[in-house]
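For this one, chain B is given, so just place chain A on it according to the hints.
One-letter residues, chain by chain:
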Amino acid sequence: MPSPAVRVRGLEKHYGALCALDGIDLDIGEGEFFALLGPNGAGKTTLISILAGLVRPTAGFAQVLGHDVQADYRQVRRLLGVVPQELVFDPFFTVRETLEFQSGYFGLARNEDWIDALLHHLGLADKADSNMRRLSGGMKRRVLVAQALVHKPPVIVLDEPTAGVDVELRQSLWAFIRDLNRQGHTILLTTHYLEEAETLCQRVAMLKAGRIVALDRTDNLLRSCGERHLRLRLAAADLPESLATRLVGRKGDEFILSLPDLDDLEPTLAALRMAGATVLDMGLDQPDLEDIFVRVMGQGTPTPSPSPARGRGALLESLSRPEGKR
Amino acid sequence: MTGFRTLLHKEVLRFWKVIWQTVAAPVLTALLYLLIFFHVLEGHVQVYPGVSYTAFLMPGLIMMAVLQNAFANGSSSLIQSKITGNLVFVLLAPLSYLEFFLAYLVAAMLRGLLVGTGVAAVGLLFADLPVAHFGWVLAFALASSAAFASVGIVAGIWADKFDHLAGVQNFVIMPLTFLSGVFYSIHSLPAFWQSVSHFNPVFYMIDGFRYGFFGQADTSPWLGLAVVAPSALVLGLLTLLLLRRGYKLRH
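Protein chains in written order, with this note's numbering: chain B, 1 to 326; chain A, 1 to 251.
Just chain B, with the same shape it has in the complex (with noise of 0.2 angstroms):
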């Protein structure tokens, strides 16, 4: 069986009395698109950093594509691509400069024709030859996403790339990950944009004070935690009797229903049968991660041994049973 993108075991980072990390199990398929969510504070850089060389762990250990992070370092910095979360530049150099100095750390000589590529479809080549300090600060961080690529390394971590950055380049910027996604290699990804991370990513891990409270697919995680709302539309003033408690609120001439599981839904459609109820309109609101992620980090102390839901994927067990909208 070929090594996972990432593997991380008993992972823990402390400094002195505050614990950055605390026992994360983690792996991350070659090919994935994985997203780590979590608060400021939750551990999601550390976790990066640890994984990048920049920071030593306390206890446990990582490897990228079966090298471990420190024993073997120089050959787990061939193989990531990092782009950090402060948007640092040398004011020293142009563009130009900047990446064909990062390629000859990376013994690369001879590289022009990527980073022309890279130039381009960053939309970066009319500034090739400015200095880094004449750039905006969305220019700045296409600059570090193309410094982080010029090795074509097979996973690449991001960590909040697009954090102040523009629409139309937060856009571009994806279409050009989820293409290198394609093309195989797997991406990490750290955002505070939760919508971003629930259309690109396929799995996802929450973390929270340095443990993971939620990991599993994102279309699992959409499905089994979240609470639907039915909303309702009837040629009738009133809500059948049956139906009473499971009324939470109503907008203009709309019912909002709380439907906890998909299962659920059948039943509430039988009750309006046999009340003879006429339904107008209707429409199901599916939740959406942040509604999941609102959740999760608003538990209390997370269990620490994720256990399977619905028979896939691991989750929490406190997450398959929700305890009401927040």
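Some hints here could point you the wrong way.
Computed cross-link-like contacts, PhoX-like style, restricted to lysine-lysine with a CA-CA straight-line distance of at most 25 angstroms [claimed, not checked]:
1) A:Lys248 / B:Lys127
2) A:Lys82 / A:Lys17
3) A:Lys161 / A:Lys82
4) A:Lys82 / B:Lys140
5) B:Lys152 / B:Lys140
6) B:Lys127 / B:Lys140
7) A:Lys17 / B:Lys140
8) A:Lys161 / A:Lys248
9) B:Lys152 / B:Lys127
Which stretches of chain B does chain A cover? Using the computed rule of at least three CB atoms under 8 angstroms from a CB of chain A, they are [as the list claims (entries may be wrong)]:
10) 51 to 64
11) 82 to 91
Calculated from the structure, these hints are not laboratory results.
Yeah, the Cβ is synthetic: ideal placement off N, Cα and C, and Gly gets one too.
Chain A only, in chain B's frame:
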């Protein structure tokens, strides 16, 4: 090797792009020293027989410039990269500790030697400078610049802000270089300060370097080399050890 070459190229280009600050300014400072001492002391002071005071002064000024700039290059490059955060690009790359060290070391030595050459060039406007033993000149220039380049790298890694670095520069580097016989022979000092000077490694750097020009100095160049070469080696190994441990660079 490409990694080392690239980092070296980047480090050299960094100071080259601001050559007025990094090379021209220290050469101008040395020129001012020469102007003043030439007019005030020339003809009044003779340290070695047959050597004018300005000529005597030149090797000291050259070496002082070499040392200060070798120190300044690595330290200011590293602290700037740390404060602006762009050191991360080097830290993310598969460069070995040795490549990292050698690139910063050689770039710092090159800047030191370049400034030293500049000081020698303007010095020749004031006095002729004989070269008795070029081998000694070169040996002391290389070993001394390497030692101070290492100190600069360590200081750059250690310092958290520019103040720290200025502290090292003002309270360690400047006293060590000024009190090392740049401007005088230690034989002109009282006995106590003469013996103190023998514990200052910079004294041997300047004295041995001066021997290379005049064929005479305060002590034997062999003794000087026996102090300076191991100092450079130990400082280099210490720097490498700190880099390996990730001191202040990798938490």
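Structure-based check of all given hints:
| no. | hint | in the structure |
| --- | --- | --- |
| 1 | A:Lys248 / B:Lys127 | violated, 34 angstroms |
| 2 | A:Lys82 / A:Lys17 | holds, 19 angstroms |
| 3 | A:Lys161 / A:Lys82 | holds, 9 angstroms |
| 4 | A:Lys82 / B:Lys140 | holds, 18 angstroms |
| 5 | B:Lys152 / B:Lys140 | holds, 19 angstroms |
| 6 | B:Lys127 / B:Lys140 | holds, 10 angstroms |
| 7 | A:Lys17 / B:Lys140 | holds, 21 angstroms |
| 8 | A:Lys161 / A:Lys248 | holds, 13 angstroms |
| 9 | B:Lys152 / B:Lys127 | holds, 21 angstroms |
| 10 | 51 to 64 | holds (count 5) |
| 11 | 82 to 91 | holds (count 7) |
Taken one by one, the earlier hints fail for this structure only at number 1.
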